[in-house]
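Chemist: Taken in sequence, the protein lines are chains H and R. For the first sequence, this note's numbering begins at 1 and goes up steadily by one. For the second sequence, this note's numbering begins at 1 and goes up steadily by one.
The hints are simulated quantities; they were obtained by calculation from the structure and are not laboratory data. Incorrect hints may appear among the rest.
Said to hold, decoys possible - Straight-line Cα separation of at most 30 Å, DSSO-like style, residue types lysine-lysine; simulated pairs:
| hint | chain 1 | residue 1 | chain 2 | residue 2 |
| --- | --- | --- | --- | --- |
| 1 | R | K296 | H | K111 |
| 2 | H | K107 | R | K131 |
| 3 | H | K54 | H | K64 |
As the list claims (entries may be wrong) - Listed below are several chain H residues computed to face chain R (Cβ distance under 8 Å; list not exhaustive):
| hint | residue |
| --- | --- |
| 4 | K20 |
| 5 | Y70 |
| 6 | Y98 |
| 7 | R144 |
| 8 | M147 |
| 9 | N148 |
| 10 | I247 |
| 11 | M251 |
| 12 | D252 |
| 13 | A287 |
Glycine included, C-beta positions come from ideal geometry on N, C-alpha and C.
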Amino acid sequence: MIQSKSINENITLSYIPMNKLKTTTVGFYIHRPLCRQDAAKNALLSLLLKRGSKDFPDMEAISKRLEELYGSRLSTGVSKKGEDQIISFEAECISDRYVPGSEPLLKSLIKLLCGVVFEPRIEDGGFCEDFFAQEQKNLIDRIRACMNDKRVYAHERLCEILCEATPYAVSRIGDEESAAKLERTELYEYYKNIITSSAIDIYVAGEADIDDVASAVSECIGGMSFTCAQIPCTKLLEGGAKEPREIYEHMDVTQGKLAMGFSTGVAPGTDDYWGLAVANSIFGGGAHSKLFNNVREKLSLAYYAGSQMHKFKGFIAVNAGVEFENLKKAHDEVLLQLEALKKGDVTEQEFTAAKMYLINSLNSYYDDQLYMQSFYLGEKIVGTNYDVEYYIEKITGVTLEEAVAAAQKIRYECAYFLTGKEA
Amino acid sequence: MLEKRVDKATGESLYYKKHESGLLIYIMPRAGYSSNYAIFGTRYGSVDSKFIVPGEDKVTEVPDGIAHYLEHKMFDQPDGSNVFDKFSKLGGNANAFTSFNMTAYLFSATDNFFDNLRTLLDYVQSPYFTKESVEKEQGIIGQEIKMYDDNAPWRVFFNLLGCLYVNHPVKLDIAGTVESISHIDNELLYKCYNTFYNLSNMAIFVTGDFDPEEALAVIEGGIKNNKPFKEEIKRIYPEEPDYVAKHYAEQCISVSQPLFMMGWKDIDVGYGGERLMKKAIEMDILCEMLFGKSTKLYNRLYSAGLINNSFSAEYNPQISYAFTAIEGESAEPKRVFDEILDEIDATKLKREDFERIKKVCWGDYIRSFNDIEGYAHAFLTECLVDADYFDYSRVFESVSFEDVQSRFKQHFVRERAALSVINPIKE
Numbered sequence: 001m002i003q004s005k006s007i008n009e010n011i012t013l014s015y016i017p018m019n020k021l022k023t024t025t026v027g028f029y030i031h032r033p034l035c036r037q038d039a040a041k042n043a044l045l046s047l048l049l050k051r052g053s054k055d056f057p058d059m060e061a062i063s064k065r066l067e068e069l070y071g072s073r074l075s076t077g078v079s080k081k082g083e084d085q086i087i088s089f090e091a092e093c094i095s096d097r098y099v100p101g102s103e104p105l106l107k108s109l110i111k112l113l114c115g116v117v118f119e120p121r122i123e124d125g126g127f128c129e130d131f132f133a134q135e136q137k138n139l140i141d142r143i144r145a146c147m148n149d150k151r152v153y154a155h156e157r158l159c160e161i162l163c164e165a166t167p168y169a170v171s172r173i174g175d176e177e178s179a180a181k182l183e184r185t186e187l188y189e190y191y192k193n194i195i196t197s198s199a200i201d202i203y204v205a206g207e208a209d210i211d212d213v214a215s216a217v218s219e220c221i222g223g224m225s226f227t228c229a230q231i232p233c234t235k236l237l238e239g240g241a242k243e244p245r246e247i248y249e250h251m252d253v254t255q256g257k258l259a260m261g262f263s264t265g266v267a268p269g270t271d272d273y274w275g276l277a278v279a280n281s282i283f284g285g286g287a288h289s290k291l292f293n294n295v296r297e298k299l300s301l302a303y304y305a306g307s308q309m310h311k312f313k314g315f316i317a318v319n320a321g322v323e324f325e326n327l328k329k330a331h332d333e334v335l336l337q338l339e340a341l342k343k344g345d346v347t348e349q350e351f352t353a354a355k356m357y358l359i360n361s362l363n364s365y366y367d368d369q370l371y372m373q374s375f376y377l378g379e380k381i382v383g384t385n386y387d388v389e390y391y392i393e394k395i396t397g398v399t400l401e402e403a404v405a406a407a408q409k410i411r412y413e414c415a416y417f418l419t420g421k422e423a
Numbered sequence: 001m002l003e004k005r006v007d008k009a010t011g012e013s014l015y016y017k018k019h020e021s022g023l024l025i026y027i028m029p030r031a032g033y034s035s036n037y038a039i040f041g042t043r044y045g046s047v048d049s050k051f052i053v054p055g056e057d058k059v060t061e062v063p064d065g066i067a068h069y070l071e072h073k074m075f076d077q078p079d080g081s082n083v084f085d086k087f088s089k090l091g092g093n094a095n096a097f098t099s100f101n102m103t104a105y106l107f108s109a110t111d112n113f114f115d116n117l118r119t120l121l122d123y124v125q126s127p128y129f130t131k132e133s134v135e136k137e138q139g140i141i142g143q144e145i146k147m148y149d150d151n152a153p154w155r156v157f158f159n160l161l162g163c164l165y166v167n168h169p170v171k172l173d174i175a176g177t178v179e180s181i182s183h184i185d186n187e188l189l190y191k192c193y194n195t196f197y198n199l200s201n202m203a204i205f206v207t208g209d210f211d212p213e214e215a216l217a218v219i220e221g222g223i224k225n226n227k228p229f230k231e232e233i234k235r236i237y238p239e240e241p242d243y244v245a246k247h248y249a250e251q252c253i254s255v256s257q258p259l260f261m262m263g264w265k266d267i268d269v270g271y272g273g274e275r276l277m278k279k280a281i282e283m284d285i286l287c288e289m290l291f292g293k294s295t296k297l298y299n300r301l302y303s304a305g306l307i308n309n310s311f312s313a314e315y316n317p318q319i320s321y322a323f324t325a326i327e328g329e330s331a332e333p334k335r336v337f338d339e340i341l342d343e344i345d346a347t348k349l350k351r352e353d354f355e356r357i358k359k360v361c362w363g364d365y366i367r368s369f370n371d372i373e374g375y376a377h378a379f380l381t382e383c384l385v386d387a388d389y390f391d392y393s394r395v396f397e398s399v400s401f402e403d404v405q406s407r408f409k410q411h412f413v414r415e416r417a418a419l420s421v422i423n424p425i426k427e
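The shape of chain H in the complex, shown without the other chains (with noise of 0.2 Å):
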């Protein structure tokens, strides 16, 4: 279903029909490798490229014209895919069927869109004074605001303290140090360079013709030569080297959190991903798994507790809020139920549940044009390109022997605990 097209040597444009939905989606993709001299930069560019572009000089005037276009919306971003960090410009029209006699809203978002990316306003060879102060400043309280939501934030913490030392530790917002020594000027030389030597992928999900699409893109990037680029490798968690650890911190907190990581040693879309996937289900992946009706309902230790893979990665992350003194009761458990996977210890129940739990997700995707996107540019990264059927046939061919066997894969490697102010 999906139809692909190459822009350049860097550059692939693909569109995804859904036209059930009443809405189109636009997204640009800028494939960056992560790293700490990096990260920074590329959360700030995402932040000053939509204040003001060549068409669109100030945050005045985009909004105005996303207005126009029956409240089109924008948004910019960074997020992370295992070793990639990506920098997005996600935007939404509602389908031009919906406003007959208007101009045609598509279009005109692209255009929108196009410049935002293509032709940032500059002043005196750099970004704007005024705009790279103050979006500096708010990058710098965004990552000062990551321990706000201490839920979040024990999950970050747990990531940070398991990949140590590779470039799945570094937030995906950079760190404040390297944000406040930004400069508007270097920061433009690495926008020009960047945006001619990464690779981009554009999709669009909706209705929409595709050769319109790629000739409004073409026309925007006339003038610029590429060179020619990949998209970031992750190199797979290695886990086993050490003993379990245990991290305490402290802050002035109400309720405690447990997170813990665990190496599976598992990559994307090989053999043992699918049973890894229903073995996860089976463990945290929601109110039919273990830790959900162990920790919560049986115990009655949590409101919240589940497991969640970071797949590019080959890890699995477990979260739980917990009276302080019940940190360790609520951690013991949930080893003790991971030794029941392991051991092959669960109802058929528990098995379907885990299933059809995955694939009524993936079926979901089909009415979400986000999460579509989100999806199909998670497979061009691991470079299988499987669609989602494939995803669903796979899943729902897992045998008990082989989520059981996938989960003896995964290995216990730390445990972070946030709990109060010592006395």
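Fit chain R to the supplied structure of chain H, relying on the hints for placement.
Modeler: Same frame as chain H, but now just chain R:
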């Protein structure tokens, strides 16, 4: 028989029936969708702690947080299992929530939709509480309450409500307190259940790729014996004055920089239906015209570094209360508050802005059909205030610039504004 209506703008259809049990049934087929969704809700939320059961004379008063507690306990099955197990077996992804004015039980499923639907209907109509099971929940909900104690966006919101309202229970935490929930027992839960879960106080909305008549048959087949109330459940809210309780509140939480929420108390309340829907549309337009990203105010505050892109405004319409809230992060919340109030005093609304923002609202309306879950929630929320989301385009078209102008004068009154701030903990 189902009554069918068609939306002109999108061509979508809605089927409706009021069942003899009193239950309102809404079915919206969405061809081509992979997911199906159902939400079964009661007009009962955290604000309903004092009421008169139809047929009784005396007032019943129950502990705060009981609506939410009841929601948690509805998952327990007589055989000791949890209803999530049943849904999991069928591939349904089930959940529930309690808000100020509504408790709702829902699921999404790509397969076995009708079996999941039968399960939903069955468990919401089958309360089963024992002393032990009720006690067990104290621990889980206690952790939920504590989780929110550390949650700055949640706290800033409730502290604002504490400013705006003198008596109205909307200012109380939805889950109650560890103390208030300790008074909840199975008898109280049954009392609330038997009152508010009478089907004449409930509505169900189902949507997805299925045949509406078949869906109706499943729903009707799943309705248990229910005698609809002849009279309304009388909900007793304390008298709420026009003035605010206080203009300012602050609290320290472990966050990196201050966050704030400011709001205006709406005193034009006490009605639902189409009138409320029209007011809400006027207010949505106003929020965009005054505080949206294209406004001079937003751009001035942003360029001065006083706000960042977390800044947003929203109007919350209910029958017995309503308010506008603006949230954001700022090193100087008080300055933002003052600048906004001054700007409002100096504002003269422009017709061209109104016309442009109406386009935005229309786009949002069309977009709301995309996400079937979001649509179902929007529909049910309107339904429980006696309004009809399917009438949106008609009501929307009736909103004039003059309506918005007079709403602006009536609503944004300095004396009814308040500010809530969360500050970082000083080391």
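Chemist: State for each hint whether it applies.
Modeler: Hints and how they fare:
no.	hint	verdict
1	K296(R) to K111(H)	25 Å, holds
2	K107(H) to K131(R)	63 Å, violated
3	K54(H) to K64(H)	15 Å, holds
4	K20	4 Å, holds
5	Y70	4 Å, holds
6	Y98	5 Å, holds
7	R144	4 Å, holds
8	M147	6 Å, holds
9	N148	5 Å, holds
10	I247	19 Å, violated
11	M251	5 Å, holds
12	D252	4 Å, holds
13	A287	4 Å, holds
The structure fails hints 2 and 10 (numbered hints given earlier, in ascending order).
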